[in-house]
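Chemist: Protein sequence lines, in the order shown, are assigned to chains A and B.
Using this note's numbering, read the first sequence as starting at 6 and increasing by one per residue.
Using this note's numbering, read the second sequence as starting at 45 and increasing by one per residue.
Don't read these hints as lab results, they were simulated from the structure.
Positions of the beta carbon are idealized from the N, C-alpha and C atoms, including for glycine.
Each hint should be verified, as a subset may be incorrect.
To be verified - Cβ-Cβ distance ranges computed for the label pairs, FRET-style:
| id | chain 1 | residue 1 | chain 2 | residue 2 | range |
| --- | --- | --- | --- | --- | --- |
| 1 | A | 58 | B | 59 | 56 to 64 Å |
| 2 | A | 68 | B | 128 | 38 to 46 Å |
| 3 | B | 312 | A | 58 | 45 to 53 Å |
| 4 | A | 220 | B | 327 | 31 to 39 Å |
| 5 | A | 244 | B | 300 | 45 to 53 Å |
| 6 | B | 310 | A | 121 | 42 to 50 Å |
| 7 | B | 269 | A | 225 | 47 to 55 Å |
| 8 | A | 94 | B | 312 | 24 to 32 Å |
| 9 | A | 23 | B | 125 | 32 to 40 Å |
Unchecked claim - Which stretches of chain B does chain A cover? Using the computed rule of at least three CB atoms under 8 Å from a CB of chain A, they are:
| id | region |
| --- | --- |
| 10 | 70-79 |
| 11 | 140-151 |
| 12 | 154-164 |
| 13 | 167-175 |
| 14 | 228-239 |
| 15 | 314-322 |
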Amino acid sequence: MSVQDLTVRRGHTLALDDVSLETPAGRITAVVGGDGAGKTTLLEALVGLVEPASGTVDTPDRAQIGYMPSGAGSWYDLTVDENIGFVGGSYGVRDLAQRADELLTRADLMHARDRLVGRLSGGMRQKLGFCLAMLHQPELLILDEPSTGVDPVSRVELWRLISETAAAGTAVVMSTTYLDEAERAGWVLVLERGKNLLSGSPDEVVASCPGEVVETDAPVHTELSWRSGEHYREWWPDGAPDGQVPAVLTLEDVSIVASLREGLTS
Amino acid sequence: MNALIEARGLTQRFGDFTAVDDVSLHVDAGEVVGLLGANGAGKTTTIRMLLGLARPTAGQALLDGAPPTRKSRRRLGYVPQGLGLYSELTVSENLAFAAQAFGCEPAGLEGALADESDTLVAALPLGLRRQLAFVCALQHGPDVLVLDEPTSGVEPLARVRLWDRIRSQADRGVGVLVTTHYMQEARQCDRLLLMSDGRLVAQGSEADIVDGTRAVAVHAQDWARAFEILSAAGMAVNLAGRDVRVIDPDEAHLQAVLAQAGLEATVTEVAPTIEERMTMLARA
Numbered sequence: 006m007s008v009q010d011l012t013v014r015r016g017h018t019l020a021l022d023d024v025s026l027e028t029p030a031g032r033i034t035a036v037v038g039g040d041g042a043g044k045t046t047l048l049e050a051l052v053g054l055v056e057p058a059s060g061t062v063d064t065p066d067r068a069q070i071g072y073m074p075s076g077a078g079s080w081y082d083l084t085v086d087e088n089i090g091f092v093g094g095s096y097g098v099r100d101l102a103q104r105a106d107e108l109l110t111r112a113d114l115m116h117a118r119d120r121l122v123g124r125l126s127g128g129m130r131q132k133l134g135f136c137l138a139m140l141h142q143p144e145l146l147i148l149d150e151p152s153t154g155v156d157p158v159s160r161v162e163l164w165r166l167i168s169e170t171a172a173a174g175t176a177v178v179m180s181t182t183y184l185d186e187a188e189r190a191g192w193v194l195v196l197e198r199g200k201n202l203l204s205g206s207p208d209e210v211v212a213s214c215p216g217e218v219v220e221t222d223a224p225v226h227t228e229l230s231w232r233s234g235e236h237y238r239e240w241w242p243d244g245a246p247d248g249q250v251p252a253v254l255t256l257e258d259v260s261i262v263a264s265l266r267e268g269l270t271s
Numbered sequence: 045m046n047a048l049i050e051a052r053g054l055t056q057r058f059g060d061f062t063a064v065d066d067v068s069l070h071v072d073a074g075e076v077v078g079l080l081g082a083n084g085a086g087k088t089t090t091i092r093m094l095l096g097l098a099r100p101t102a103g104q105a106l107l108d109g110a111p112p113t114r115k116s117r118r119r120l121g122y123v124p125q126g127l128g129l130y131s132e133l134t135v136s137e138n139l140a141f142a143a144q145a146f147g148c149e150p151a152g153l154e155g156a157l158a159d160e161s162d163t164l165v166a167a168l169p170l171g172l173r174r175q176l177a178f179v180c181a182l183q184h185g186p187d188v189l190v191l192d193e194p195t196s197g198v199e200p201l202a203r204v205r206l207w208d209r210i211r212s213q214a215d216r217g218v219g220v221l222v223t224t225h226y227m228q229e230a231r232q233c234d235r236l237l238l239m240s241d242g243r244l245v246a247q248g249s250e251a252d253i254v255d256g257t258r259a260v261a262v263h264a265q266d267w268a269r270a271f272e273i274l275s276a277a278g279m280a281v282n283l284a285g286r287d288v289r290v291i292d293p294d295e296a297h298l299q300a301v302l303a304q305a306g307l308e309a310t311v312t313e314v315a316p317t318i319e320e321r322m323t324m325l326a327r328a
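Can you make the complete structure from the sequences, with help from the hints?
Modeler: Next up, the structure:
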């Protein structure tokens, strides 16, 4: 399962520009970026909802893909059980009752089966969206911003569900705007304006940071520095002067550096 | 000197339900205070009372030492989570409208926003919409800024630049109250307050907030199996890369479960996160 050199146009803009990604079984891949970075376009290309302008998308048959669009992809005027019945029916899920019990139990939604989806909290709705995408036991699970608008407690539960799924051998691709969340994934792809800004395992990405980042209270170049807690971090593209303290980097820092570098070169 | 914003025993009841329960807090000039909590913890109701948009059932919300009035509320700048902009108006029309409401001159636009002054807000990318909402809230020169999840959905560089602007307001003496449930935003604050079930349950630095919570990382070759058995044993688990994080573990139970499954694993104490603290509160 992979995409190679994928380019997608939306009108006159390049929504994705030469992006490649592998999604092996059992791995959680996080696609990270801000609004308009191309996350949704990439996921839609994986599902087969958008045509590539060039490049290849090699994914399993549609029946083997589970997809949760952003906003959870459930019907607000139906109850939880009716949503399950509808989606299960369209995929022709055998043993639907048993499968539904199993997933709703894992998601702690058994008590909400008769409630209208429109009346559920954001976190419950996202968990239901996850269950709907997993009903037919897909080989590839694609989740578009599952944790947006979800509070921390529900987010931890959602991550437990996603982790269990990957641990059982499903390939998971999820988008997020949060880099601290992406740090938990096995592989990270950071997109900016449709381009691959960074990719690799979180450790590899952090280790790949160009130049040096130091922790300081008195940054020299404000345009290359940013606040982090009580101190500043400053990026020195060609190495820091002597006596500066190297910072312990996170994906967030490395992503900021990559954006700064894009700005310097373009 | 009075605190810019102060809550004294602030309480809000809706019928039998107590949404905010005896909350006292203050925000002084020049500081950035983060208000944290899960959905339903009472953050929004607290903010609404502090802004004078809801009347407390008991206790007091004070703006510079007195209950908020129509006049004193002019000293506030507020950016709601939904941003409060008019999507059918252009950037400059939004600015002019907000300026008129506060009886001030519209602020000048800078950078990318200046290039988009005639663009409809509906057509503006989220990052720029957030910047505009910020300019709208600041143009009347408020002494207090209240921000609801100010940088959610924005990429890292744009986020740190927005925080630069928030910090520079604080440096000029503005008191800032930020509600958030994201670590990255919490780290930008001078002081944190944590709400759970309507009550203020912890305050201080990040270390103070997570105090009393423990977390360990279980590192096993077969991470998937480790995750499965620990989760099945009823522990609060989460995946972090290939490590399984367990919140507030019972050490003996953890070791027993690993041994019973014949799983070789190393267990290391790790620094708990604010999210893990909130999960623990929710489970309690």
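Chemist: Note whether the CB distance of residue 23 of chain A and residue 125 of chain B lies within 32 to 40 Å or breaks it.
Modeler: holds, 35 Å
Chemist: Using the beta carbons of residue 312 of chain B and residue 58 of chain A, state whether their distance is inside 45 to 53 Å or not.
Modeler: holds, 47 Å
Chemist: Take a look at whether the Cβ-Cβ distance between residue 244 of chain A and residue 300 of chain B falls inside 45 to 53 Å.
Modeler: holds, 50 Å
Chemist: Does the Cβ pair residue 94 of chain A, residue 312 of chain B satisfy 24 to 32 Å?
Modeler: violated, 47 Å
Chemist: When I compare C-beta atoms, does the region 154-164 of chain B have three or more residues closer than 8 Å to chain A?
Modeler: violated (count 0)
Chemist: Check, residue by residue, whether the region 167-175 of chain B contains three or more positions whose beta-carbon lies closer than 8 Å to a beta-carbon of chain A, and give the verdict.
Modeler: This one holds; 3 residues, not fewer than the three required, reach chain A with a Cβ under 8 Å.
Chemist: Does the hinted range 31 to 39 Å hold for residue 220 of chain A and residue 327 of chain B at CB?
Modeler: holds, 35 Å
Chemist: That 38 to 46 Å hint for residue 68 of chain A and residue 128 of chain B (C-beta), does it hold up?
Modeler: holds, 44 Å
Chemist: For the hint 42 to 50 Å, verify it against the beta carbon of residue 310 of chain B and that of residue 121 of chain A.
Modeler: holds, 47 Å
Chemist: Counting residues of the region 314-322 of chain B whose CB is closer than 8 Å to a CB in chain A, do you get three or more?
Modeler: holds (count 4)
Chemist: Are at least 3 residues of the region 228-239 of chain B within less than 8 Å of chain A when you compare beta carbons?
Modeler: Per the Cβ count (3), the hint holds.
Chemist: At a Cβ distance under 8 Å, does chain A reach at least three residues of the region 140-151 of chain B?
Modeler: violated (count 0)
In this structure, the earlier hints numbered 8, 10, 11 and 12 are contradicted, and the remaining ones agree with it.
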